[in-house]
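*Asks:* Here are the chains, one letter per residue:
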Amino acid sequence: MSVAAASAAVAARFRTGDRVRVRRADVPGHIRTPWYVRGHTGVIERLCGAYPNPEELAYARSGLPAQPLYRVRFVQAQLWPDYAGSPADSIDIEIFQHWLEPA
Amino acid sequence: MNEHPDDHEGHDHAHPHPGVRPDGDDTLNYYQVMEIAVRELLIEKGVLSADAVRREVEKMDARSPAQGARVVARAWSDPAFKAKLLSLGNDALVDLGLERGPFKLVVVENTADVHNVVVCTLCSCYPRWLLGLPPDWYKSRNYRSRAVSEPRNVLREFGLDLRDDTTVRVHDSTADMRYLVLPARPSATERWSEEQLASIVTRDCMIGVAVPKAGSG
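So the sequences go chain by chain: A and B.
If you use the numbering used here, the first sequence closes out at 103, no skipped numbers anywhere.
If you use the numbering used here, the second sequence closes out at 1217, no skipped numbers anywhere.
A few of these clues could be false.
[Said to hold, decoys possible] Heads up, incomplete: computed chain B residues facing chain A, CB under 7 Å, no partners named:
(1) E1109
(2) T1121
(3) S1124
(4) R1152
(5) L1155
(6) D1176
[Unchecked claim] Residues from chain A that keep clear of chain B, each with C-beta distances beyond 10 Å, as calculated:
(7) A11
(8) D18
(9) R19
(10) R21
(11) I93
(12) P102
Bear in mind the hints are in silico, worked out from the structure with no lab data behind them.
By construction, the Cβ of each residue, glycine as well, lies at the ideal position given by its N, Cα and C atoms.
With the hints as extra help, turn the sequences into a complete structure.
*Replies:* Structure, rendered in structure tokens:
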């Protein structure tokens, strides 16, 4: 990330271990939040840093201020009703802060 | 072909050759046409040269999973390096003389209880600067959709049968991180050199659809 991007980053709202819900939104454009986690609750695994918003970059805009990006851990059995596997199985996904709300 | 015992010098191919499949590279799709158009424009306007484009393709093709295997073998042999790889992946690459890379590297470690597997459901994100180009199956809709929803079945199809009490962690590479699986070091390799260790670490082991075995080197 460039120095300019770092200085124009949105402050991080969440910390490792926080429970978060992914917004159940249907917005047009270049979205990097997969459908299968929208509306679901997970736990912040780590803060990855702040990155220019890909939804803006896709239209040749700056993507600034940079958005905090997290790895959020979901329990597989909660995402897929017929999931076959250990109840401990998980999936970690990178999600930008503006898609997350406290749960 | 049997009906043409002579070589094809000066042969104009005006007639069909039964049993010979066409090359299949004569029809360009939308994105191929767009790539050619953009590339030709950039060259015409002097932004890039054809040689610069060729050099980049050559450079990408020269990257291979052997680089990743070196990283894994060093992590198995050197606890301090391993700790750095797991916390500051890109810095650890630089220590080995490899490219830092354009993306943040997240290294996930397989243990006796946890197995990690990487997918990019949205496209084909992959640590290309480290492992080279991803395999075709990694980009397929089948792998991208099923690796997240039924990873154990997918792994079984790759020949990897995990115990029921092993925790499977899928990593969906949706944004700015790139992932490398650090496999568990097989038993009976205690006296192996780093070169020997690297020889059993394959591409698939670093994506997480296989595990290294001491007998496969």
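*Asks:* Less than 7 Å between beta-carbons is the criterion; does B/R1152 satisfy it with respect to chain A?
*Replies:* Nearest chain A Cβ about 5 Å off; hint holds.
*Asks:* So, as I understand it, the hint says B/E1109 touches chain A; can you test that by seeing if any CB pair is closer than 7 Å?
*Replies:* violated (13 Å)
*Asks:* Would you check whether B/D1176 satisfies its interface hint, that is, whether its CB is within less than 7 Å of any CB in chain A?
*Replies:* OK, holds: B/D1176 within 7 Å of chain A, min 5 Å.
*Asks:* Less than 7 Å between beta-carbons is the criterion; does B/S1124 satisfy it with respect to chain A?
*Replies:* B/S1124 check fails; min Cβ-Cβ to chain A is 13 Å, beyond 7 Å.
*Asks:* Should the label of A/D18 as a non-interface residue stand, given a Cβ cut-off of 10 Å to chain B?
*Replies:* Answer for A/D18: holds, closest chain B Cβ roughly 19 Å.
*Asks:* When the nearest CB of chain A is found for B/L1155, is that gap smaller than 7 Å?
*Replies:* Cβ of B/L1155 sits 10 Å from chain A, so the hint is violated.
*Asks:* Beyond 10 Å from every chain B Cβ: check whether that's true for A/R21.
*Replies:* With a cut-off of 10 Å, A/R21 remains clear of chain B, as the shortest Cβ separation is near 17 Å.
*Asks:* Please check whether the beta-carbon of A/P102 is more than 10 Å away from every beta-carbon in chain B.
*Replies:* Nearest chain B Cβ is 21 Å from A/P102, so the label holds.
*Asks:* Does the claim that A/R19 lies outside the interface with chain B hold up, using a Cβ gap greater than 10 Å?
*Replies:* With a cut-off of 10 Å, A/R19 remains clear of chain B, as the shortest Cβ separation is near 18 Å.
*Asks:* Far enough from chain B: is every CB of that chain over 10 Å from the CB of A/I93?
*Replies:* violated (4 Å)
*Asks:* Would you assess whether A/A11, listed as outside the interface, keeps its beta-carbon beyond 10 Å of every beta-carbon in chain B?
*Replies:* holds (18 Å)
*Asks:* Should the hint that B/T1121 touches chain A count as held when the rule is a Cβ pair under 7 Å?
*Replies:* holds (5 Å)
The structure is inconsistent with the numbered hints 1, 3, 5, 11, although it conforms to all the rest.
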